[in-house]
Structures are given as C-alpha cells and as structure tokens.
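Sequence order for the protein chains is A and B. According to our numbering, the residues represented by the first sequence are 1 to 237, in order. According to our numbering, the residues represented by the second sequence are 1 to 965, in order.
No wet-lab data here; the hints were simulated from the structure. Think of the CB as a built atom: it goes at the ideal place given N, C-alpha and C, for glycine as much as any other residue. Hints should not be assumed to be uniformly reliable.
Claimed, not checked - Reference listing, derived: stretches of chain B covered by chain A, where coverage requires no fewer than 3 residues with Cβ under 8 Å from a Cβ of chain A:
hint	segment
1	78 to 84
2	833 to 842
3	882 to 895
The lines below spell out each chain.
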Amino acid sequence: MHLTALLWVCMQAALVVAWCFTDMETGPGAGVSTQPNGDRFKIEGRAIVPGIKTQDWVSTARILVEGEEYVGFVRTDGSFAVNDVPSGSYVVEVVTPNYRFEPVRVDITSKGKMRARLVNYIKTSEVIRQPYPLQIRASGPHTYFMKRETWGWTDFLMNPMVMMMVLPLLIIVLLPKVVNTNDPEMRKEMEQSMNMLNPNPELPDVSELMTKLFSGSKGSSKAGGSSKGTRPAVKRR
Amino acid sequence: MAKLILLCLKFIILSSAVEAVFEDQVGKFDWRQEYVGKVRFSHFDTHVQSSKKVLLATENNVFAALNTRTGELFWRHVDKTGPEGNIDALLQHGQDVVLVVGNGRLLRSWEINVGGLNWEIVLDSGSFQSACLVGQQDNVKHVAVLKKTVISFHYLSNGHQKWIENLPESETVDYQSVYSDGNGEVYALGIVPHSHIAIVAYSVEDGEIIKQMSVEAAWLSNIQASCVVISQGMLTCVDPLTVSLYMLDLHTESQMTQIPLQSLGLEVAPGFHPVLVSTQPNPGRQPLSEFFLQLGPDYYQLLQLNNGQIVTLRDFKPAMLVSFATTGEKTVAAVMSPKNKTASSLNLFSAETGRRLLDTTLIFNMDPYGGKPEKLHVQAFLKKDDSVGYRVMVQTEDHTLTFIQQPGRVMWTREEALSDVVTMEMVDLPLTGTQAELEGEFGKKAAIQDGLMSMVLKRLSSQLILLQAWIAHLWKLFYDARKPRSQVKNEVTIENLSRDEFNLQKMMVMVTASGKLFGIDSKTGSILWRHYLDNIPSNAAFKLMVQRTTAHFPHPPQCTLLIKDKDTGLATLHVFNPIFGKKSHVSPPALPQPILQSLMLPLMDQDYAKVLLLVDDQYKVSAFPSTKNVLQQLQEMASSIFFYLVDSTQGRLSGYRLRTDLSTELIWEVVIPAEVQKIVSVKGKRPNEHVHSQGRVMGDRSVLYKYLNPNLLAVVTESTDLHQERSFVGILLIDGVTGRIIHEAVQRKARGPVHVVHSENWVVYEYWSTKSRRNEFSVIELYEGMELYNSTVFSSLDRPHAPQVLQQSYIFPSYISTLEATLTEKGITSRHLLIGLPSGGILSLPKMFLDPRRPEIVSEQSREENLIPYAPELLIRTEWFINYNQTVSRVRGIYTAPSGLESTCLVVAYGLDIYQTRVYPSKQFDVLKDDYDYMLISSVLFALFFATMISKRLAEVKLLNRAWR
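Please model the entire structure based on the sequences and the hints provided.
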C-alpha cells in the first residue's frame with residue numbers, strides 16, 4: 001500500500017516534469033477543469049491605458065478569462081486578479097468598450113506555476129513569453145468608425161483620371177506659347193522631328209489609301225474639305 | 001510572398017467594400033437600453049448629503065449604481081451568470097460597498113464614486129449564511145461573515161482576515177444569523193430545529209469565545225424567517241402555533257419569555273405566518289426598539305419595546321407594504337396602503353411614536369397592466385426645516401422599478417423585466433386611418449354590393465379625407481417651424497403610429513421570462529404598451545407567433561403566445577393584438593393535454609388568420625382557429641402536412657404526417673444513441689426567408705445550382721463523453737419530410753456550446769476545438785450540381801440525386817455568445833453573419849468569408865468569381881462592430897427582420913441590454929446614402945447649365961463674325 005502511494009507520487013512528479021518540458025500541445029485543458037475539487041488559482045496582472053486616468057475607464061472594464069467562463073474586475077489602480085481559476089490554459093482579455101487590449105494566454109500547471117505568452121491561434125504550441133503577473137497595455141482606442149469620403153478640391157485634382165485629362169490640355173494650350181513657332185530655326189527643328197516621327201513621307205498612310213480607293217481616282221478634292229485635305233496638297237506641291 | 005501581397009490587397013479591397021458605421025450616424029437609427037435585472041438588494045447612498053446614487057444588486061448577478069434623478073446607470077458591473085456570480089449580501093459603509101458573492105466564495109469591496117474595485121478576497125469554502133458590518137460606536141471597521149461551519153472577520157479597508165474561528169458543534173447546530181451592536185462582541189445565532197437556540201458570542205478583538213448559551217426553543221425551526229434583534233440585543237421571535245412573541249436578552253438571560261399576542265390585543269390572520277421587521281440604522285449601534293409585526297397579508301402592527309414591555313404603537317390595516325428609513329438621527333416608517341383600485345397611498349410615520357408626519361402623503365398609481373407592489377425602497381432626507389422628506393422606489397411583481405417623488409410625481413420607471421427577454425417578433429405597423437380608409441374602399445365586399453353612384457361618392461369622400469390630412473400636415477409643419485426647435489416634440493404614442501414609407505419602423509413585441517409582454521417602437525425604443533401576465537410558471541417556455549399581420553385591414557393583427565410549463569408540458573395560449581397589446585376577444589382553446597409541438601401553417605382561415613397546429617402527447621392534433629373552413633382546408637391539405645418531434649433525452653427524431661381525421665401517422669424515425677451523443681439543437685430554415693438566385697455563376701460562366709430544400713433540418717449533437725481526446729460534435733442534415741439523411745459530419749476533438757445558423761443552402765456552425773483550444777467556424781454548403789433536377793418546384797419526395805456537399809473550417813479568434821444571419825425582403829442583398837461576442841460587441845461578418853469554395857491557390861476562375869483566397873483565421877475588425885461602443889452585455893439572442901428596403905435589415909440584439917439598429921450588408925444601393933452631396937451635384941449641374949448657355953452665346957457670335965468675313 002505504502003509502495004503504491006510512493007509510486008503514485010513519483011508518477012505524478014514525473015508527469016509534472018514531463019509536462020513542464022513538453023510543448024503545450026496537449027495541455028491540462030478540459031481534463032483538469034472538469035475535476036470539481038482541483039486546486040484553484042489566481043490570475044493577476046495590471047491593465048494600463050497610457051495617458052488616461054484609471055478612474056475614467058475602470059468602471060467599464062472587465063477581465064474575461066476563456067470567454068465568460070471566469071470574470072474579474074479591475075481595481076481602482078488598474079490592477080486585477082481573477083480568483084478561483086483551476087489549472088489549465090486560458091486566454092485572458094481585458095474588455096472595455098473604448099480601448100483595445102491584446103489578449104494573453106496564461107498557462108497554469110496543476111502545481112500553480114504560471115506563465116503568460118502571446119496568443120497564437122494558428123501555431124497553438126508556439127511560446128513567446130509575456131511578463132507574469134500580466135502587464136497589459138492598451139494599444140489605443142478602438143476604431144469603430146469609417147471615415148466619410150469627403151469631397152475637396154485637392155481630392156478632385158489629385159484623381160488620376162483628372163490628372164490624365166488636365167496635363168495634355170495644359171501641354172496643348174501652353175506649349176505653343178512657350179515655344180516660339182515664328183522662329184524659323186525652331187520651325188525647322190520641329191519639322192525635322194516630325195519627319196523623325198513619320199519616317200517615310202513618301203509612303204501614303206492607310207487612311208489615305210482607303211479614301212483613295214473608295215472615292216475613286218477623282219482625287220480627294222471633295223473629301224478634302226476636312227483637315228486631311230491639307231496633306232495631299234502638300235504632297236502635290 | 002506574392003500570395004501574401006495579393007491577400008493583403010484583397011483584404012484592402014474587401015474592407016473598403018464592407019459596410020461600417022460612420023461617426024455621424026451615431027444614435028441616428030440605433031438605440032440601446034441598459035438593464036440590471038430584478039432587484040435583490042438596494043441601498044441609497046447616504047454618506048454624502050447630495051448624493052444621487054442608489055446601489056442595486058440584482059438576481060442577474062449585476063451590481064450597479066443608478067442616478068436617482070434620471071434612472072440612468074452611473075456604472076454597472078456584470079458578473080458571471082449562475083450561482084458562482086450570485087450576490088448573497090450587500091453592505092454599505094461610507095463610499096465602500098461590500099458584496100458577498102458566489103455562496104460566500106468571494107468578498108468584494110467596491111468604491112462607489114468611481115465604480116472600481118477596492119479589493120477582492122477568496123473566502124474559505126462553506127455555504128454562506130449571513131454577513132454584517134461590525135463597528136464600535138460610529139467607527140465601522142470590520143465585516144463579519146458567517147458560514148455553515150466558520151465565522152470570519154475581515155478589515156473593511158483591505159479585506160484582510162482578522163480572525164477566523166470554527167463554530168462550536170457545527171455538525172448539529174445550524175448557524176443562520178450574525179449580529180453585532182457595537183459593544184465589542186459578535187453573536188452567531190444558530191439553531192437545532194425543534195430543540196434549542198445556540199448563541200455564541202465572540203470578541204471582536206481576537207475571536208475568542210466570550211460566552212456560549214443554549215436556550216430551549218422547541219417550537220422554532222428557522223431563525224432568519226421568524227426572528228429579529230431589537231433594542232439592546234433582545235432576540236425577538238414569533239411563533240405562529242402558540243400565537244405569541246418570544247424574547248431573549250442576548251447579554252444576560254438564558255430563558256425565553258413568552259408574550260402571547262392576545263395579551264397585546266392582537267390576532268393573526270388564519271393560516272398566515274407572522275413576520276417581524278426591524279431596523280438597525282447604524283451597524284455600530286443598537287437596533288431600534290420599534291419594529292413591525294405583520295399579522296396578515298395586509299395587516300401590520302407597529303410595536304415598541306419599552307422597559308421590557310411590548311407596547312403597541314399603531315396598527316396599519318389595510319397596509320400592503322411597510323419599510324423603515326433613516327436620515328440623520330430620525331427614523332421613519334413608510335407605509336403603503338391601498339387607496340382605490342388603481343392607486344395606493346404612501347405615508348410616513350414617526351417610528352418612535354407611530355404618529356403620522358404631516359404632508360408626507362404620496363400617491364402611487366398602479367399600472368393596470370402591471371404587477372402588484374412587492375417592495376418599498378425608501379430614501380429619506382432632511383429638509384431645510386428639519387422635517388423629513390422622502391422619495392420612494394417601488395418594486396412591483398413584474399420587476400418594474402418606479403421612483404416617485406412627493407406628491408406622486410413619477411421621476412422615472414425602469415422595466416427591469418426587459419433584462420430577460422426570451423423571444424421577440426417584429427410586426428409591421430398598421431397604415432394610418434386615411435390610408436386604411438382608402439384600402440377599405442376597394443375591399444372585395446364593398447365593390448360587389450354598392451352601385452356606381454355610391455362608389456363615386458365614396459371615392460370623392462376619401463379623396464376629401466386625404467386632402468384634409470394633407471392640409472393638416474402642412475399646417476402642423478408650418479406651426480412647428482415657428483416654434484423653437486427644442487419645444488417641438490415628436491412623441492410617439494400608439495395613436496399616431498403608422499407605417500413609414502420604407503417600413504423601417506416596426507413594433508417590437510418582446511416576451512420576457514417574468515411573463516411581462518412589451519410593445520416597443522423600433523425607431524425610438526419607447527415602450528408603447530406593456531402587459532403583465534400573472535400566474536406564469538417559473539420555468540415556462542415561450543413561443544411567440546404572428547397569426548395575422550397588419551396587412552388584412554379591417555381585421556386587427558393577431559399574435560399568439562404559447563406558454564408551456566416545462567415540467568408538466570401543459571400549455572396555455574395568450575392571444576393579443578401586437579400593436580395595442582390588448583388581449584384579443586378571440587378565446588383560445590383550452591389545452592388539457594401536454595403539448596409536444598406547435599406549428600404555423602401557411603393556411604389561412606376566412607379572416608386571414610394563419611392556422612396554428614398543436615400536437616399533444618397522444619399525437620392528436622388540434623387547430624387554432626378551428627372553424628369549419630379551417631378544418632375543411634386541413635382535410636384537403638392533410639396529406640402534405642408533415643411535422644417532426646425531437647426527444648432529446650432518448651435521442652429520437654421522428655417525422656409524422658397528418659391524417660384527414662387530424663390524427664397522425666409516424667413515417668420515419670432517426671435514433672441517435674443517447675448514451676454516446678445527445679441532441680443539442682435542431683434548426684430548420686426561417687419560413688419568411690427568400691432566396692433570390694437559384695445558383696452561383698462560376699468563373700467559366702456555367703451555373704452551380706444551390707440545393708434549396710425548405711424542409712431541411714440541421715441537427716447538432718454533442719458527445720456525452722467530455723474527455724478532450726474523445727469528445728466530438730456531430731451535425732446531421734435531415735430532410736424533415738422523408739427522414740432521409742442528406743449529410744453527416746463529425747468534428748472530432750471538439751465540444752460545445754455549438755451555435756448554428758441554417759439558411760439558404762448553407763449551415764454555419766461554431767464549436768470549441770479541444771485539441772487546439774480555439775473556437776472554430778465550419779460552413780457546409782449544398783449544391784445540386786451543374787443542372788437542376790426540377791427547376792419549377794422542390795419536392796422532398798422526388799429528389800433522386802444527393803446534393804454535392806462542400807465544407808470548410810476557419811479559426812475564430814474569440815468566443816461567441818450567439819449567432820444569427822441577416823435577412824432581407826427579397827434575398828438579393830448579400831448575407832452577413834451577426835455574431836454576439838462576450839465582450840458585448842456585435843460583429844457583422846460577411847458570409848463570403850465563410851464560403852467553402854474559397855480556394856487555397858488563386859486561379860483565374862476564382863478571381864473571376866470574386867472568391868477570397870483561403871486563410872485559416874477569420875479576422876475581427878472593430879469597424880465591423882455594428883454597435884460601436886454601445887456594448888450589449890450577455891447577449892443572448894439576435895433577431896433580424898427584413899424592412900421594406902431590400903438593402904436594409906433590422907437587427908435587435910437582446911441580453912441584459914437591448915440594442916436596435918439597421919444593417920446594410922451590401923451598402924445602401926436602393927436609396928441615396930445619408931451623406932449624399934446634394935450641394936455638389938446641384939452646383940455641378942448649374943455650372944454645366946451656365947457653361948452651355950455661355951458657350952452657345954459665344955458660338956453664335958463666332959458664327960456671325962465668320963459670316964461677315
């Protein structure tokens with residue numbers, strides 16, 4: 001009888017040691033929490049909202065452990081303790097309607113050893129240590145609202161579509177004024193560059209060919225009322 | 001990496017497409033009401049003369065401070081539900097309140113100005129009996145907590161334990177009460193039923209037993225029910241059998257003196273257990289020597305202990321309620337006595353003399369649709385001339401709190417029954433009188449009976465009425481415009497209720513656990529009618545059904561509430577008008593047999609009331625209304641009426657068919673072995689749901705048809721084995737007509753609570769994964785395939801092909817409290833899931849995130865279909881909270897209703913609080929948004945107009961010039 005008891009103690013000790021070193025893959029979790037008479041522990045910590053007096057927010061704050069499984073309240077100095085928590089692994093959250101706090105996972109061994117780590121739902125066994133007793137700092141106010149799309153001149157002008165329309169317009173209007181077209185040298189230069197663009201002036205372009213084809217050999221005298229008419233005239237010269 | 005960037009991009013695109021609340025919309029169409037629940041303890045804050053606080057501890061495990069001027073909450077602390085958060089005692093001293101919580105498990109001290117916790121300590125286990133503040137003279141520094149076997153003593157300042165002592169002979173003696181009057185001793189009073197009283201006096205300093213007495217009292221069975229301590233430590237008990245008072249001096253005597261009530265000239269009403277009421281205004285001093293003795297249901301006697309003699313001061317008959325209140329050195333007794341049928345009067349009496357104080361009458365008008373007064377909470381204060389003034393908070397059986405000031409002005413009322421809403425419906429408001437008049441003109445009967453002339457006359461008269469209404473409306477507008485804005489009241493009353501053009505304003509009919517029904521205007525949240533149903537069994541289940549909507553003028557709308565006692569299964573029906581709350585003149589049938597199931601049929605009787613079928617435990621069906629017309633229709637339809645019953649204890653689901661003689665026939669049965677798993681919920685689809693599109697267009701322009709079976713049931717089971725390795729959650733999709741199991745899925749290493757939403761062709765459920773210790777969502781979608789078997793009509797009996805089943809699961813980074821889906825008029829708008837979180841937020845999660853066709857590898861086709869690439873974790877973005885910072889505590893249910901606008905869905909979330917809002921899952925595509933820029937569009941239009949005018953003129957000038965050239 002004595003021996004078995006000893007063995008049992010050894011087993012437990014071994015278990016605890018093993019558990020301490022292995023990953024949290026299969027923690028005590030539900031198995032322990034279902035035992036009615038297990039030891040109960042206390043999760044302690046402090047919640048901080050930088051720049052805000054504690055009395056302005058503590059009355060709306062709650063500490064939720066594992067949803068609403070265990071509930072704690074914040075003391076007037078911002079510290080908190082959640083009593084009566086059996087061993088296991090829990091997500092501890094500070095909940096206020098106005099400030100955002102990151103949740104923390106707290107693991108409690110059956111001996112009452114505590115550790116805190118970042119919550120990672122995807123890699124559940126990953127351990128990034130957090131301080132314990134918990135120090136939970138608010139990361140700012142909650143952003144509940146979307147910004148209205150306001151209409152302003154700058155928004156309008158900075159719109160890419162508007163930019164695309166306005167810039168060519170500017171070029172068309174302003175370029176002839178900046179560049180003196182009456183200067184013969186300049187004109188020469190421009191003509192050259194035009195020739196560069198149109199590499200072979202002797203080759204008739206497609207549209208011209210088509211008009212010629214459809215209007216017959218009478219020439220484009222009638223159709224040449226439009227702007228196109230100027231070019232063949234140049235050629236005839 | 002590229003994939004990640006793509007994902008991010010997608011998210012950005014999506015998040016901009018998803019509706020959120022804008023800051024200027026706050027309070028525009030949403031409202032929240034906060035409640036605390038049925039009050040158990042109340043305490044007016046008196047430590048500051050001008051304090052406006054009343055502290056309440058409620059049966060819903062809520063501790064709150066109310067503003068006595070307005071009835072609004074200063075702050076509120078919501079503990080966990082169930083016995084672990086139960087508040088056993090409330091003791092106030094100065095600006096600290098000490099609560100004993102969870103059957104004496106925790107001792108908490110709150111700072112009431114800020115609403116923060118001072119300290120919290122864990123007490124030793126043992127069931128809680130009593131607690132009291134202990135002081136010496138005016139100096140209260142300790143609190144004593146009496147438990148079954150121990151008494152402990154704590155400092156008020158930090159909660160530290162000063163001493164703890166085991167109670168002597170606690171195996172036999174039942175210690176029930178603790179008493180202290182400031183003389184350095186604490187008394188624990190215990191009893192051995194029908195034998196003797198045990199009294200143990202402890203020293204305050206070190207917990208040493210000073211004295212231990214045992215007093216013969218064979219007649220006594222419960223100290224708390226029949227004894228009080230008055231004056232200088234006189235334990236006074238009342239015995240209904242011998243009709244006498246027993247008195248015992250705790251300090252000296254060891255014998256009880258018997259004082260027969262007859263010797264005082266008093267008589268107890270037959271069958272009534274007399275009750276004693278005493279008061280101890282200051283825990284550091286002795287209780288008063290005056291006390292009330294209740295001798296009958298409406299008979300109180302004020303008594304005084306004077307030099308060891310009991311003196312009668314005054315009798316109050318009839319008196320409904322009495323209460324002591326203290327301000328400064330003065331203690332008064334408030335007595336409520338009936339005045340007439342609808343009102344009762346309150347008066348103050350001096351406690352010392354029993355004399356009535358002048359000018360202290362206060363009239364309390366009782367709500368004819370409310371409950372009887374149950375408790376008085378009196379706030380007494382000294383006026384400038386040193387006389388006593390008071391305000392009173394009356395608590396009635398229907399959990400209503402009414403705060404009244406002299407001479408009967410109601411400062412506020414709180415309907416605390418609304419903290420426990422069980423079920424609700426939204427009913428369309430009726431048309432206005434004129435609209436109804438127009439409707440009536442073209443009624444079927446009228447057109448046939450009347451001739452041409454009378455029809456013309458009718459038409460003209462109704463047009464006249466319309467004109468009149470229009471002019472009246474204009475006049476009102478003009479009249480209101482002249483008045484300053486603050487004076488214009490747009491109060492909603494039942495009389496001026498009418499449907500708005502988009503049917504956005506509706507009547508919310510709410511059923512509460514206490515049996516009080518409410519009609520609330522959805523636009524403003526004001527309570528338009530209330531109706532308290534007394535004699536509701538305490539464990540009743542409610543089902544609310546709309547039998548006739550407002551669409552059938554001149555027939556009034558009709559709702560039916562089925563109230564079923566969960567123990568016996570016996571049910572009653574309450575039929576009422578949902579707009580006015582009045583009980584209908586239609587008499588519901590008596591239901592002598594326990595009811596198993598109720599179902600609303602789409603059939604209507606000649607008065608347009610839908611038929612309600614009730615199945616009793618003999619599997620006999622009765623109909624309501626059961627006119628000849630209905631029975632005939634039922635006979636014709638019987639072969640196509642099926643229903644199912646669920647027996648969760650035996651794990652049996654069975655389907656029945658109606659026979660023409662209204663008996664039933666078992667046609668299928670599914671047995672789920674109850675020793676392995678239990679049925680936790682069975683969800684069908686909502687009958688008022690519309691599905692707009694029959695299928696989904698795929699990337700290659702083919703159509704994947706949805707499997708839209710209106711008879712499909714989603715059955716959720718949980719394993720009975722809760723071990724984390726072996727527990728599982730199962731989901732069965734069963735056709736309710738044929739019993740055919742369409743699909744079966746098992747989630748291993750998972751456990752409940754499971755939340756399910758079943759709609760269109762999908763089922764979404766959420767469970768707890770014990771393996772990874774996280775919440776997971778799973779979605780099942782059913783598709784017919786690329787072609788439809790019978791596109792015109794769906795029949796469960798003729799569907800040879802099993803549907804294709806797609807399933808996908810996701811991680812959800814929070815617990816959830818409840819789950820519901822949005823609902824719109826025609827089902828064109830995309831769906832969102834509304835998720836109630838324990839933090840109080842209500843998350844609106846687009847259904848497209850829960851789509852089993854989300855691809856792991858993005859392809860051209862999936863991009864074409866607008867599918868989001870699969871990501872294991874669902875995000876919670878605070879912009880998706882539809883209730884921004886208006887959190888809803890302990891949200892238990894979310895009700896969604898379509899409005900007249902396809903884009904808009906009305907949402908009501910209820911729990912401890914009630915929150916009403918509108919959501920636009922696909923943005924407001926059918927009305928102009930409220931930020932629509934009228935200025936911009938009109939200025940652009942004008943500018944264009946002028947530009948054309950000017951350019952036209954210029955062109956003319958140019959043409960003219962050219963012509964001259």
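Evaluation of the provided hints:
1. Counting residues of the segment 78 to 84 of chain B whose C-beta lies closer than 8 Å to any C-beta of chain A gives 5; at least three are required, and the coverage claim holds.
2. Counting residues of the segment 833 to 842 of chain B whose beta carbon lies closer than 8 Å to any beta carbon of chain A gives 3, which meets the minimum of three for the stated coverage.
3. Counting residues of the segment 882 to 895 of chain B whose beta carbon lies closer than 8 Å to any beta carbon of chain A gives 5, which reaches the threshold of three, so the coverage claim holds.
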